[in-house]
Amino acid sequence: MSDKAAFEKLEALGKNMLGQVRKDKSPTFETPLRSKSNVQFEEGLGYLRLGAKKEERTFLNVGQARTFMQTVSVANKTKKFVKEGLHTSIRGLYYQLKFSLGEDVDESLFEEQTESNVLVEDLEVALGVKREDLHLTTDRKGVVAGPMVVKDNFAGEETTIDCAKQGRSGWMIPSDVDNGMEFVEVEADYVLVVEKDALWQRLNEDRFWKKENCILVTPKGQASRGTRRLLRKLADKKLPIYVMTDCDAWGWYIYWTIKTGSMNLAYLGRDFSIPESRFLGVTMADIEKYDFLKKLTINAKQVDLKRAEEMLGYPWINRHKEWVGELKMVLKTKKKIEQDALQGERLTFVGEYVREKIGKKQWLP
Amino acid sequence: MSDGIFSKFKEYSVAEFFKKNRQMLGFSGKVRSLTTIVHEYVTNSLDACGEAGIYPEIEVWVGADGEDRYRVKVRDNGPGIPKTHIGKALGMMLAGTKFNRYAQQRGQQGIGATGCTMYALITTGKPIRVSSSHEGKKIECEVGIDFKNNKPVITPISEGPAEGGKCGLEIEGVFGGVRHEKSAYGVYEYLRRTAIANPHATIIYNSPEGERFVFPKSVDLMPTKPAEVKPHPLGISAHDLIEKARGAPYQRISAFLQEEFTRVSLNKVKELQEAVPDVDLGKKPSEMSWEEAERLVGAFRKVKWIAPATDSVVPIGAEQVEKSLNSIIGPEYIFVTRRSPKIYRGGIPFMVEAALAYNGKGANGEILRFANRAPLLFDAGGCSITQAVKSIDWKRYGIKNLEEEPLSIFVHFASVHVPYTSAGKQSISDEEEVVDEIKNSVMEAARGLDRHLSGKRRVKEAAGKRAAILRYVGQLSKDMSELGGVGADAAKVKERLLKMVEGRYGAGGAAAEEEEGEAPEGEEGKKGKGRRAGDDAGEGEEEGELS
Chain B
1329 MSDKAAFEKL
1339 EALGKNMLGQ
1349 VRKDKSPTFE
1359 TPLRSKSNVQ
1369 FEEGLGYLRL
1379 GAKKEERTFL
1389 NVGQARTFMQ
1399 TVSVANKTKK
1409 FVKEGLHTSI
1419 RGLYYQLKFS
1429 LGEDVDESLF
1439 EEQTESNVLV
1449 EDLEVALGVK
1459 REDLHLTTDR
1469 KGVVAGPMVV
1479 KDNFAGEETT
1489 IDCAKQGRSG
1499 WMIPSDVDNG
1509 MEFVEVEADY
1519 VLVVEKDALW
1529 QRLNEDRFWK
1539 KENCILVTPK
1549 GQASRGTRRL
1559 LRKLADKKLP
1569 IYVMTDCDAW
1579 GWYIYWTIKT
1589 GSMNLAYLGR
1599 DFSIPESRFL
1609 GVTMADIEKY
1619 DFLKKLTINA
1629 KQVDLKRAEE
1639 MLGYPWINRH
1649 KEWVGELKMV
1659 LKTKKKIEQD
1669 ALQGERLTFV
1679 GEYVREKIGK
1689 KQWLP
Chain D
121 MSDGIFSKFK
131 EYSVAEFFKK
141 NRQMLGFSGK
151 VRSLTTIVHE
161 YVTNSLDACG
171 EAGIYPEIEV
181 WVGADGEDRY
191 RVKVRDNGPG
201 IPKTHIGKAL
211 GMMLAGTKFN
221 RYAQQRGQQG
231 IGATGCTMYA
241 LITTGKPIRV
251 SSSHEGKKIE
261 CEVGIDFKNN
271 KPVITPISEG
281 PAEGGKCGLE
291 IEGVFGGVRH
301 EKSAYGVYEY
311 LRRTAIANPH
321 ATIIYNSPEG
331 ERFVFPKSVD
341 LMPTKPAEVK
351 PHPLGISAHD
361 LIEKARGAPY
371 QRISAFLQEE
381 FTRVSLNKVK
391 ELQEAVPDVD
401 LGKKPSEMSW
411 EEAERLVGAF
421 RKVKWIAPAT
431 DSVVPIGAEQ
441 VEKSLNSIIG
451 PEYIFVTRRS
461 PKIYRGGIPF
471 MVEAALAYNG
481 KGANGEILRF
491 ANRAPLLFDA
501 GGCSITQAVK
511 SIDWKRYGIK
521 NLEEEPLSIF
531 VHFASVHVPY
541 TSAGKQSISD
551 EEEVVDEIKN
561 SVMEAARGLD
571 RHLSGKRRVK
581 EAAGKRAAIL
591 RYVGQLSKDM
601 SELGGVGADA
611 AKVKERLLKM
621 VEGRYGAGGA
631 AAEEEEGEAP
641 EGEEGKKGKG
651 RRAGDDAGEG
661 EEEGELS
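Residue numbers (this note's numbering), protein chains in the order written: chain B, 1329 to 1693; chain D, 121 to 667.
Please note that a few of the clues may not be correct.
[What the hints assert, rightly or not] Below 30 Å or equal to it, Euclidean Cα-Cα: the simulated BS3-like pairs (lysine-lysine) are:
(1) D:337 with D:422
(2) B:1426 with D:337
(3) D:580 with B:1351
(4) D:337 with B:1408
[Said to hold, decoys possible] To give an idea of the interface, some chain D residues facing chain B are shown, with a C-beta separation under 8 Å as derived from the structure:
(5) 246
(6) 271
(7) 273
(8) 276
(9) 585
(10) 595
(11) 604
(12) 618
(13) 620
[Stated by the list, open to error] Rough simulated footprint, nothing fancy, chain D against chain B, three-plus residues with beta-carbon under 8 Å:
(14) 1342-1349
(15) 1410-1423
(16) 1445-1459
It is worth saying that the hints were derived from the structure and are not from the lab.
Cβ coordinates follow ideal geometry from the N, Cα and C atoms, glycine included.
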């Protein structure tokens, strides 16, 4: 979204409230309800999103007055950021808004950062903007290597970045890949996402992405907003997205957040989910298939089993019989396995594994 | 009680009997004995003034006179006692004018003042000193008792015209075995409560410590004199019946029943006869045996009666109670019930007047019990009034802990026949209808109090909300104006927002908010609403159960 569009949306919000005040009505802020009861999964879309339930916040309600005032303050402050063309983190925003409400008042506009964080989310969903559009950055996490050239317009300079020429470190995915970013060349056949940085480094050393003509990404655990946006953009360029994680609760969570979004962040909707993505492994079936893996399993923890049971209850997961079988196996064997175990026999096995899986289309949806 | 015991009883001097059984007159315990003495004299004064149509002005002095010895003086502006009656009134047992009268009265057996004389003689050997100004004449004398013969012993002091033609009575005595105490059982408390139940009287108390307390008259209206009424068959015991029959001037029991009781017609006598065919209703009432009386009373319970008239019940009156409590307790809020008389045991009319006085000078959670305008100070635990009050779920009415709230609970029980638990006449027995009515009365008053308290809470809450919102107006006006863009004037926005806040949470705004039902959705709003709704439902259930 352009700065102009974000600016206009924020100003329209203020104009609407001023209009209410002119009519002697309590100024009101309306936003889709972000509680779990309002999270919906639609098969046709393939990602989690918010339903029709709305939440209203109005100034003259004493229980909502403070939050209402804070919401307007956050909106006004980000409007300034956009106008000035400066960026900051949500923590920077918090410090901008942490001041006393008056000399004789023992109360600050914001006391805790958690107060302002949720209001940023409220504004995103209410106005249909991303926090990056409001000039709020998030922590960078995630690294890329592969045949991709990006033009980065930043701080008044334009830099061209070739992701194939980033040596051992790769290109760190910025918090915002939408504004001032241009993907000039993406000549890959597919995208491979590996959960762990260690595995990414292993495959990078093998020049796996060069041999396979793929884009190699690691979110380094849970995918950041920037990483998710990047994957979304690559999927939009019709690149298949393959994901590899540990075969445990945390790994599944990382995959499903990339694929459908999470319940907590359902408000992000399509922009941050990649329903097209595919799960390469590691799977429970792999343990049977590759003999050496049998010795490398770990006992599943309570949290893994509980998570597996929960996942069996989610309609967006249990509609896939492959996942039902996989998760039932977890509950039955009470085992889990890390993706690092693939190097158990020889370090270069990982590449072979990926090639075989993709070649034989052995992925989970 | 059989005929035998009663006739034997007569052989002894009544005075002798009571000398041996003084606790029956309330002379048990040092503190209680002193209160009883004051009670007897003050009650007599109130009654005498009432008979004569005079607004009572009663002054009481209590002074120390040695260890556990006190001098008590009571002076009133009543009609005084004629010379010929002084001995009877103060030196002879069972000589009062109230004995055997079926009308609402303060409840003395006619032995009160004489009992005091007796008590003075027993404990100090000193007679009572009396000064009576009656119809222009003033007589001063000392009164003692000849116990053996139940006869007064009068020692004249002086006789002459009354000063300035005034009337009145002054009694003074020295009593031993008594103690003055500033407690709920003491003289001060007794007089304060007497004043509450008798707002037409001025009562002054001079304590042993030299303090002077004045409870001034707060209403200009004399209490209605209670009418004498015939008893209803359902309100009488076998003992009462045989007592009444003893001296009745009728040839037949049937005539006696029709003449001496209300609602007994010829037809009803026939029904009674059918119920007890072997009791001869044609014989003389005085020949009625104990067993026959018991059977008749049993028959009374089987026949359908028209309820008795309730006009024999004389309440203090809601307005009078309110004025009185305002004058003596001076509370922030009063609720007085206005209920109609009810009937207990199927035949005895009674009426309960209840009032709650909140945030006044009374002790926290005090229960002010009265029967026919007389305060009940003792035996609180065994009294229906206490039990009824304690059985109420006060939390429902916004009272968290009764003992800790600045709340005075006034309950007056008025009836021709008060169901006392014992001869001490300090507590009311747990007749079901009586307990229910007391509870309902107090709950009615409690609902009034609840409305008051929740109104107060609302105003306080609104003030709190107003303050909370007001501190946000400045910042919001600024941000909102900036956010809305050019042309918006923060000062104007602020002005409008302030007006809105005042409209909803300022003085007078609180009520409007409630009426609109525009309850806030936030935490606070929800709590408030929920509590009230729950309360109302609970109350409805309770009422349904009782009615």
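Legend entry - Restraint check for residue 337 of chain D with residue 422 of chain D, where alpha carbons must lie at most 30 Å apart: violated (48 Å)
Inset, instruction - Given that the region 1445-1459 of chain B was listed as covered by chain D, double-check it with a C-beta distance under 8 Å for 3 or more residues. - result: violated (count 0)
Legend entry - Agreement of residue 337 of chain D and residue 1408 of chain B with the hint, judged by alpha carbon distance not exceeding 30 Å: Answer violated: residue 337 of chain D to residue 1408 of chain B is near 75 Å, above 30 Å.
Inset, instruction - Measure nothing beyond the straight line between the CA atoms of residue 1426 of chain B and residue 337 of chain D; if it is 30 Å or shorter, mark the hint as holding. - result: violated (65 Å)
Inset, instruction - Using Cβ atoms only, decide whether residue 595 of chain D comes closer than 8 Å to chain B, and label the hint accordingly. - result: Holds, because the Cβ-Cβ distance from residue 595 of chain D to chain B comes to roughly 6 Å (cut-off 8 Å).
Inset, instruction - Report holds or violated for chain D covering the region 1342-1349 of chain B, Cβ cut-off 8 Å, minimum 3 residues. - result: Holds, because 5 residues of the region 1342-1349 of chain B bring their Cβ atoms closer than 8 Å to Cβ atoms of chain D.
Inset, instruction - Confirm or reject the coverage of the region 1410-1423 of chain B by chain D under the rule of 3 or more residues with a beta carbon closer than 8 Å to the chain's beta carbons. - result: Since 0 is below three, the answer is violated.
Inset, instruction - With a cut-off of 8 Å on the beta carbons, see whether residue 271 of chain D makes it to chain B. - result: Result: violated, 81 Å to nearest chain B Cβ.
Inset, instruction - Go through the hint on residue 618 of chain D and say holds or violated, using the shortest Cβ distance to chain B against 8 Å. - result: violated (11 Å)
Legend entry - Hinted pair residue 580 of chain D and residue 1351 of chain B, Cα distance within 30 Å: Satisfied, since the Cα-Cα distance of roughly 29 Å is no more than 30 Å.
Inset, instruction - Tell me if residue 276 of chain D is really an interface residue toward chain B, meaning its C-beta lies closer than 8 Å to one of theirs. - result: violated (81 Å)
Legend entry - Agreement of hint residue 585 of chain D with chain B interface, Cβ distance less than 8 Å: Hint on residue 585 of chain D: holds, closest Cβ of chain B at ~4 Å, below 8 Å.
Consistency note: the structure conflicts with the earlier hints numbered 1, 2, 4, 5, 6, 7, 8, 12, 15 and 16.
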